[in-house]
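K.L.:
Letter by letter, the chains look like this.
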Amino acid sequence: MLQQLPPPAISCKGVWQVYGANPEQGLKQALSDAGGSADEAARLLRQRGLVPAVQDVTFDVLEGEVFVIMGLSGSGKSTLIRTISRLVQGTAGSILISGEDILTASKQRLIELRRNKLGMVFQHFGLFPHMTVCENVGFPLKMQGADKTSRRKRALEVLELVGLSGREDAYPRELSGGQRQRVGIARALAVNPDLWFLDEPYSALDPLIRRQLQDEFLRIQAGLQKTSVFITHDITEALKLADRIAIMRDGKIVQIGTPDEIIVNPVDDYVREFSRDVPKGRYSHVSSMMSLPDRLPNMPDDPKIGAEMTVDDALASCMALYQPVPVWGADGKMAGIVHPSQLASALQSERPA
Amino acid sequence: MKRPTPAVWAALTAVLVGAACITLSPYFHWVTSWPAGATLPVTSWIGTGLTAAFELLKPLARTISTLLSYPMMFANTVLVNSPYSLTIGILTALGWYLGGIRLTLLVVSGLGFVLFSGYWIASMNTLALVFVSVPFALLVGFAVGLLANEFKSINRVVETTLDVMQTVPTFAYLTPLLLLFGFGPVVGLIASIIYAAPPMARNVMLGLQRVEPEIKEAAIMNGATRVQQLFLIEVPSAVRQIMVGVNQTIMAALSMVIIAAVIGGFNDIGWEVLLTMRKAAFGQSLVAGLVIVIFAILADRMSGALAQSEVRYSWRIALAVVLVSVALATVERSLLPGPDSYSAFKGLAAAADSYLNAFTAANGLVLDAVKNGAMFFVLLPLKIGLGQAVLPFTWGFMWTKWMSAAVYAVFGVVAVVMALRGSAVLGLSLLIVSGVMIVGIANLPWPFMLVSLGALGWVAGGPKLAAFAVTMIMAILLMGLWEPALLSLYLCTAAVSVCVVLGGLIGLVSSVSPATWSVVRPVCDFFQTIPLFVFLIPVLMFFQIGEFSAFLAICAYAIVPMVRYTYHGLTSTPEELLEAAVASGASDWQVMREVRIPYSLPTILLGLNQTVLYAFSMLVIAALIGTTDLGQQIYLALGQGDVGLGVAAGAAMAILALVADRLVQAFAMKQRQALGL
Ligand SMILES: Nc1ncnc2c1ncn2[C@@H]1O[C@H](COP(=O)(O)OP(=O)(O)OP(=O)(O)O)[C@@H](O)[C@H]1O
Ligand SMILES: [Mg+2]
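Residue numbers (my numbering), protein chains in the order written: chain A, 1 to 353; chain B, 354 to 1030.
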């Protein structure tokens, strides 16, 4: 018997978000006029003065996954997560969070979910101007009903985590942009949400503190197995943090895949453009290029290449070889084989042979 | 040739209808005066309707009146009977706490003046009303603003109501209230609550609207309930704007309490001003007027400090001040004179009076010349037209039909020439202006007014605005208030024209000369703080009761927004636009003409809008010193307790202001859109 899988953390099906006057009606009309084609419907909507900010988006985010959304400015990233968290009411489609239909959830249930399960870091911080840093960070705890001393204690803990110790009694207006963003992050961390949305959380930070917080993020992620939906413009950040990346363009998701798939097998030029300046050997892994044929060819050499090695590292140890080599999995068994020339060409050409 | 624009059509229609009216008026009387038979007895309907309604409401009203009289009596007793050293001490301590040494000095010297003027008790009577009305007004305003923000469905209704309330003249509130609540200070209190609540509501709505969306969303995502979002996040985030509302509400309450003094008899400071003014004891009325100004300034600065700065000064010193004043208060009865026995400025007032008498006696000829010159050569022609105002005994000759014909012919030719050279609208407008000058605003035929205002509305805001303007003006006609309405229009036009020219000029000069602005700015601030009432005193001193004094008072009050907005418009041109112009080799004057003025036009138009509204609100107050327009009708109705007339005339005045407001706003909007702002 098949084991019952846990439901995905987020499951979106055919989600639309249309802005403008009377969007539901407009979308229905456009879809029926377009004969069900989403692209055509979006074109019609634009023609009629409506803004289809998210178009027919379908994807799942698995439990414990870091799901990164990338895309040019205005491609609908913020709108998508605002629709999922129901800050705006989606125009069409279904959204399940841990199997629960969020679009039909009652007001009370939404409040409960937001208090205990969801967290969000806002692109423009969204700090409360009349509260100190400490009160800002403590606010979600206050909503949960925590008392004052425990709020302050927890707030100081997370502030330390984001490197803002000592500024707890400052007001947001007294902080720099990067410091404000860290307050926003600390506030989302305070309640330990199971699922959190981060809208360009590190964009306003200097490279040093950004790296530090990225590492911190990975550490928290590994330890607590949160599910994260993370928006960024920075491809290296995406490659570093993501389990999977979704690329958005004009409201649509054009590709979803692991970092390797995105850089090794971009579906079109738009996606390729994102990874153009990325040193591919450093970010793609052998596992994305190996194969496991039924009949193994003759393999005289074994440079001990692991499936999880980056292409750069693998190539360094088999550059001089002209025969296929075995690739070993983490469990010590052979995971597949790869030809050194295959690895080399992956670095040179845009599209691997 | 280009196709004529809608503006050309509108101007042309107005010209044709105007010409038709002028030709027909000698034969058909109804062209110039709305036939009495077509007037609906709206006034008496309103009168009987309201009186009947009031009969029903009276028990409720009287209950409210009784309920309100308790806090009022309490405040009154406390303020009047407290030793003045204690009152001054507490207010000084508050001044210190809110604004440090500068505000302290202001409070001490201001209240000192009040005490020594001998108006302490009268002032405390006024203050008691303010103290009671302000919390109610704040509460009502806050609740209304909050509800309008919460329920989008009532948002528009509330906003329109607030707009209308802003245009209803102050006196118009008093007559129905007087009937409903009976003679007594409660009327002033309730009028002041009604009048002072809107600014609070407006600012609460504005403040809540302006809270950043992400801040609201952050509250939602943290799981706050709607009530928590509102009171823990949104209201505190909007606190600055709300405090601006508090400041405006306090000022409005004070102003209304003083205006309500016209119903008289409660020994308050507004009444003192009125009384001394009627007795022509101007020195004394100036002192009383200064007392009002002082309270206005103190209220403004204290609530301003509360709103704008978060710096607070040591409460220990404040406490010390209070303790000292308590100590003083205990010995006040035995050692210090009672509050009534001060009259430090009596001699001064008398001296001012005699000096004034001497001055008017010595310069009577000059003053009269100024007044008569303005009346005979400017105001009167504007009012009844050159056709009637040009008489041998003032102008030295008689205006004849031929002169009118000649003027029309000249301007007709000008219009045609200008039309051929591409500025048809300007040419036709000049022709219209020449017609108005000959006929006079008070004699304008109503068909012409209906058509031209409708056309103006069409050009500015399309068919909806045109329909609005026409319906509104029709309402005035049907109410039978056309003649006084035209008189209001005349006085307002005269004053606004002067304000536009003079205020625009002052604003222009200020915008290029910071030194001028540093003088003009405090004067503007000062003029905007003083209650309208006080403007009457100086003009009366020099020009006695009459239309000219009213005109001057309106000008003095209404010029301020014109100056301010012109200055702000001209100085807020983006730096890069100016640099682009300079880089293209424009001279200073060219930069002004080509960039600054066009760019600031929407702002200046908003200034004009404010000026018009200010002029209308002063028009009513000016009824106290002799006008013959709608304002006078409202004032008369108040004296006679005629609700029908009071409400109808008040509505007519509000209609005029509202139509002017909408038209100017629409033009400003058009201009803004044309600039892509
Ligand atoms: N409330 C709204 N009303 C109308 N249009 C909107 C609204 N919010 C967003 N849009 C439009 O939806 C589109 C997507 O906006 P969104 O903020 O999601 O972009 P984004 O991908 O987050 O961009 P950025 O990287 O700049 O943050 C834009 O074209 C925007 O103009
Ligand atoms: Mg965004």
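Just so you know, these hints were derived from the structure itself, not from any lab.
Note that CB positions come from ideal geometry on N, CA and C, so glycine has one too.
Keep in mind that a hint or two might mislead.
[What the hints assert, rightly or not] As a list, the in silico BS3-like pairs of lysine-lysine whose alpha-carbon atoms are at most 27 Å apart:
1) K107/A to K699/B
2) K817/B to K632/B
3) K280/A to K117/A
4) K505/B to K411/B
5) K28/A to K13/A
6) K240/A to K252/A
7) K252/A to K28/A
8) K505/B to K724/B
9) K107/A to K632/B
10) K252/A to K280/A
11) K142/A to K117/A
12) K117/A to K107/A
13) K117/A to K569/B
14) K569/B to K153/A
15) K505/B to K28/A
16) K107/A to K153/A
17) K569/B to K148/A
18) K13/A to K107/A
19) K142/A to K699/B
20) K148/A to K117/A
21) K632/B to K569/B
[Claimed, not checked] Calculated Cβ distances over 12 Å to all of chain B for the following chain A residues:
22) I111
23) R115
24) N116
25) L118
26) G119
27) I209
28) I220
[Stated by the list, open to error] Derived list of chain B stretches under chain A, where covered just means 3 residues or more per stretch with a C-beta under 8 Å from a C-beta of chain A:
29) 377–386
30) 570–579
K.L.:
Going through the numbered hints above, which ones does this structure break? Give me the numbers in ascending order.
P.N.:
Those not satisfied are hints 1, 2, 3, 4, 8, 9, 16, 19, 21, 22, 23, 24, 25, 26 and 29.
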